[in-house]
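Letter by letter, the chains look like this.
4 protein chains.
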Amino acid sequence: MYSFLNDYSEGACKEIMQALNDTNLEQTSGYGTDEYSDLARASIRKHLENADCDIHFLGAGTLTNLIAISAVLRTYQGVISASSGHINTHESGAIEATGHKVLTIPSTDGKIYPKEINALMNHHYDDSNREHTVQPAMVYISNPTEVGTIYSKSELTELSALCKKWDIPLFIDGARLGCALTSKFNDVTLKDIAKLSDVFYIGGTKMGALFGEALVITNPKYKKDFRYHIKQHGGMVAKGRLLGIQFNTLFTDNLYMKLATHANEMAQKLASGIKELNFPFLTDTVSNQVFPIFPITLIEKLNEKFVVALWEHHTETTDVVRLCTSWATDENQVDNFLDLLRNLVR
Amino acid sequence: MYSFLNDYSEGACKEIMQALNDTNLEQTSGYGTDEYSDLARASIRKHLENADCDIHFLGAGTLTNLIAISAVLRTYQGVISASSGHINTHESGAIEATGHKVLTIPSTDGKIYPKEINALMNHHYDDSNREHTVQPAMVYISNPTEVGTIYSKSELTELSALCKKWDIPLFIDGARLGCALTSKFNDVTLKDIAKLSDVFYIGGTKMGALFGEALVITNPKYKKDFRYHIKQHGGMVAKGRLLGIQFNTLFTDNLYMKLATHANEMAQKLASGIKELNFPFLTDTVSNQVFPIFPITLIEKLNEKFVVALWEHHTETTDVVRLCTSWATDENQVDNFLDLLRNLVR
Amino acid sequence: MYSFLNDYSEGACKEIMQALNDTNLEQTSGYGTDEYSDLARASIRKHLENADCDIHFLGAGTLTNLIAISAVLRTYQGVISASSGHINTHESGAIEATGHKVLTIPSTDGKIYPKEINALMNHHYDDSNREHTVQPAMVYISNPTEVGTIYSKSELTELSALCKKWDIPLFIDGARLGCALTSKFNDVTLKDIAKLSDVFYIGGTKMGALFGEALVITNPKYKKDFRYHIKQHGGMVAKGRLLGIQFNTLFTDNLYMKLATHANEMAQKLASGIKELNFPFLTDTVSNQVFPIFPITLIEKLNEKFVVALWEHHTETTDVVRLCTSWATDENQVDNFLDLLRNLVR
Amino acid sequence: MYSFLNDYSEGACKEIMQALNDTNLEQTSGYGTDEYSDLARASIRKHLENADCDIHFLGAGTLTNLIAISAVLRTYQGVISASSGHINTHESGAIEATGHKVLTIPSTDGKIYPKEINALMNHHYDDSNREHTVQPAMVYISNPTEVGTIYSKSELTELSALCKKWDIPLFIDGARLGCALTSKFNDVTLKDIAKLSDVFYIGGTKMGALFGEALVITNPKYKKDFRYHIKQHGGMVAKGRLLGIQFNTLFTDNLYMKLATHANEMAQKLASGIKELNFPFLTDTVSNQVFPIFPITLIEKLNEKFVVALWEHHTETTDVVRLCTSWATDENQVDNFLDLLRNLVR
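Chains as they are written, first to last, in the working numbering: chain G, 1122 to 1467; chain R, 1122 to 1467; chain X, 1122 to 1467; chain F, 1122 to 1467.
Keep in mind the hints are simulated off the structure, nothing from the lab. Accuracy of the hints is not assured; some may be wrong.
Identical chains blur together in the list; that is why a pair holds if it fits in one copy or across any two.
[Said to hold, decoys possible] No farther apart than 25 Å at their CA atoms in a straight line, the calculated lysine-lysine pairs in the DSS-like style are these: (1) K1167 - K1344; (2) K1345 - K1286; (3) K1286 - K1342; (4) K1422 - K1274; (5) K1379 - K1316; (6) K1316 - K1274; (7) K1274 - K1285; (8) K1285 - K1396; (9) K1426 - K1344; (10) K1285 - K1379; (11) K1305 - K1390; (12) K1316 - K1342; (13) K1396 - K1135; (14) K1312 - K1422; (15) K1316 - K1344; (16) K1345 - K1285; (17) K1285 - K1344; (18) K1312 - K1286; (19) K1316 - K1345.
Remember, it's a predicted structure, so these values are computed and weren't measured experimentally.
One chain only, chain G, in its complex shape (with noise of 0.2 Å):
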């Protein structure tokens, strides 16, 4: 059995795990205040061109998201999302249960657009008993969304303009951002993710390291005191340096953009095959996601080989499944995969 479930059935990088080997009887400091994790920030912010941007190290995705959103918003305000943004849908009420109502924007594609946000802010501007309902003070924005959709440089730098023009941030999750990045279809950089939002985060967990996201803090407006924030919500790593050499090692070589490149070429190598059967897609593959439509008959042989994710029931017959794939995915498995496919499709 071979598993396209998700990014993260593997370890990590073999050039993370030579790292942590390497200085595994090193003594350093704890909490983020040691060399490696020094030298990671420094790399980072080469790569960002930006030397004044704050950088966190945090353990997980979700406890990122739930400590930068209640960092940055007061507490009567919420964070605007689209309706299937990983925040609104998959954190089991994370932001809620810091205090914050999530403001949904319906969505299919996982993107949501200036025209809506702004009516959303007009909505609440236009209404003389606002303070009756939450105040829209932030929006979260996935790149990659949900979905494997991208945006475009020319959409994010709309969405940027649209926030400053409201005085609010843009908090970009960037859970897979490299595979956003090294998609062909991309044309941002991640200096314009640095320049164009407020808050972002470069994530690590589904990116080839054992775990960890690097937050970037670029508005000085939200950098004060951040650690408390980190700490009272019990994010801050004893060993912080496990988070810095991972990081380090990452932003070394352009490692971190060579690992989402061979994911999304996997991504790509796989669309390619199962287009070819004239197979149906929910969307287009663009990063390392791939939503291919098969009767249901067909994945129950499929799922004797492989593990897939059943996404959504798309018709009686047939299912939506996703194929997810990653630094780690083994190229001989995707050809196996396509090989069965064409065997059973005959």
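Chain G is fixed; fit chains R, X and F onto it per the hints.
Showing chains R, X and F alone in chain G's frame:
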């Protein structure tokens, strides 16, 4: 420079690094549902001689405390703790951030006693307007405590009986549990801990793991839906295998206790050497923390070669320092420290 | 100018003012333990034919909703509501501020139905990763709803049965409960409400009191320690007698229903008069809210003499307005409004 | 039986009842936007000689404290209070329920002093790991305090200066503010209170109103969006006029101070009479609370005719009781109490 600053200066014990390396490219399911986590749970249950307890692996100590305490308490209830308890002093108000007051009992030895708790409970329930005050509904202790002292079996038995009398749970923070259980002054077993408490955790981060704590729930009342609590607070680790592999290793061949024994032995060696030179101590050394009282001028000399923590001021010319040992402490460096000390006092 | 803006424009009905004046200098104990509160509770229990329910008097509607919902739910649970529900739209995120997500079902008539709730419950429990999502654990409805519609006895009976099937409580927001129960389209009694729900409240603020709501807990599971919840959220009224005196008055000589009947009759008179002039309505008028659709130019003329609420835009030239009647509505002003309207359309 | 139990045993002063009766059927807009609330705000601003402060009327004291404190603090910050402070002892953890720790300073006279606060602040900012602890960020005092003592002008001036030095706000809980300001030992004016604090409230509930507190925000930093905070915590009163009418009455013809003066005079009369009989006191009587120490056998006799509060046990044979006077205290009953006491000690 060698550091006796804390017990999380290094990475992980070699057995854990080996296990992580060996399994790195295996594919496993996420979020603690993998077979390594199952193995680790089975092994811990065997050590506890409790087949029915629930075990959840979490990434860090503060996160474990805040999840466990907020899951057990109802919103209007508070947790009883020593004034020196970690949740009251060094978690940035993490418990309060979940809505709960920490109800403190003054303590100098780090422990709290049945008589004090009983008085606090009576004070609450004797008040006819008791709903104007926070209902005390859980007892939090750590073993060892913040100042390295440990609870005896009879003390724990009495605490447990008192909690049962009042129908409130006893929670034991075991961030350094191994060092309590392998202290030469200890008469408590891991099995006792499981029997006498309702919820407790076996610390990994400070006991030889890269990171991670094993939360054990023995009281059936608190088991239901616990994974929701974990996820909602951002504590669900995507690559849950990392925790499973580490705890499986720690609970194979008695490794957990061996590592803790080393830490304790190094502390005893330090304490003996210091005592021979007639320095006084803040408390007797029973686990892996040593609290000698040194002249400030001496500390300055020691600091040229060794990192130690300033614990508190003692007199105008003396300070209490903390020397913390661990699974990783190099015995040669203990000898070097004592040699230097002997030279300095000569 | 006369206002049909809402049902809380005036003070209180004369019987309440009289009772407050008559008792003003009596000394009573605080926090709802006085004899007037006891009398009011006894009287309400008699009307409910339920001797065992707990009754707590609270100062305001949002406060009642947030206390009741957060007291019933566990931290990781959410409450199901119509998208138009007051807790989702007009309480500034009060429910989320207590840590809970409002799980919405789209609604145009203000109601939610068993089939929809059942689908939502199944969707949650069919998910093998359900702990990554908020557990739906309570149903919130209001009767009348935000758009003045009411639930029939068979609808409530089915909702209640579904909630029992899933073992989740049904909570009824009765801010305007009197207007539902005295609607000429209604077949539900106060006794039915008590039988079919687990927790509900009988609104006072909008029904003729100066302020105050009577929260009734019929399900024993939710009674324990409820006064702590009230106090912790600042809802404990020092001079609890004020609420006791008011509700005792309202539940003497059927006053509560008489006041509501007047509000409904005034709404019917408005609706009939408007209908005769062939204006369309957003919804049929069944309680004390009337939603006619008027030309914008007409509304401007009406606004010279009457205050009405703009409810929503309808077409380019027409708007929906809301006329709200109450216990205090002056029938002469209803006549004046209809006279003006007839003159304007002539 | 006559009660000296507290200062909220009766309804409201006759002037307030008259005003409520007179205005009862007028139509006003809701939520504090009515003209009576505007008049009350204007009148209070004049008394404060501060035209720019924001004034919000709220229903109750705990609600006011929790809204004001949680609005001012950021999530990781705590509020400094005397250990005996109302927010620490008698609000059921309302502050913690909003996520904030109450940082206590031990106090026997109910007050806290600049030196103690300064030490607490230094302790925090001297800690290089300060983000592991709660950031002290606000000072809460009440005037009078829980034991009836009052702050002098020089004490308040020093507290204010210290808060400015540390850039943290000073919040004054004025539940019984009138009794502080009209004490014969007082040298502070309402204008001083407004100048020396950042946020404070003028209590109504205990000072002659049916209910209600006037929260005054003088520091512009805390004014923004405050009504959202009120609404989110359920503190927005639909018939806001009720608060406006009451405070407008209280701040007409010096009524607020007159009512408080009566309460203080009655307390002085009680204290003098008791002192003449040579009973000791827990504290000197300076406002409307009297704390004599009586033999337990004597208290039993007194309890046959008068309700007094048992404050605390003193010796095996004596207890401290509290006699609380108010605007409503009947001087004849004060005489009766002293007569009875004289008879009993004879």
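Worksheet entry | Violating hint indices (sorted, rising) | 4, 8, 9, 10, 13 and 14
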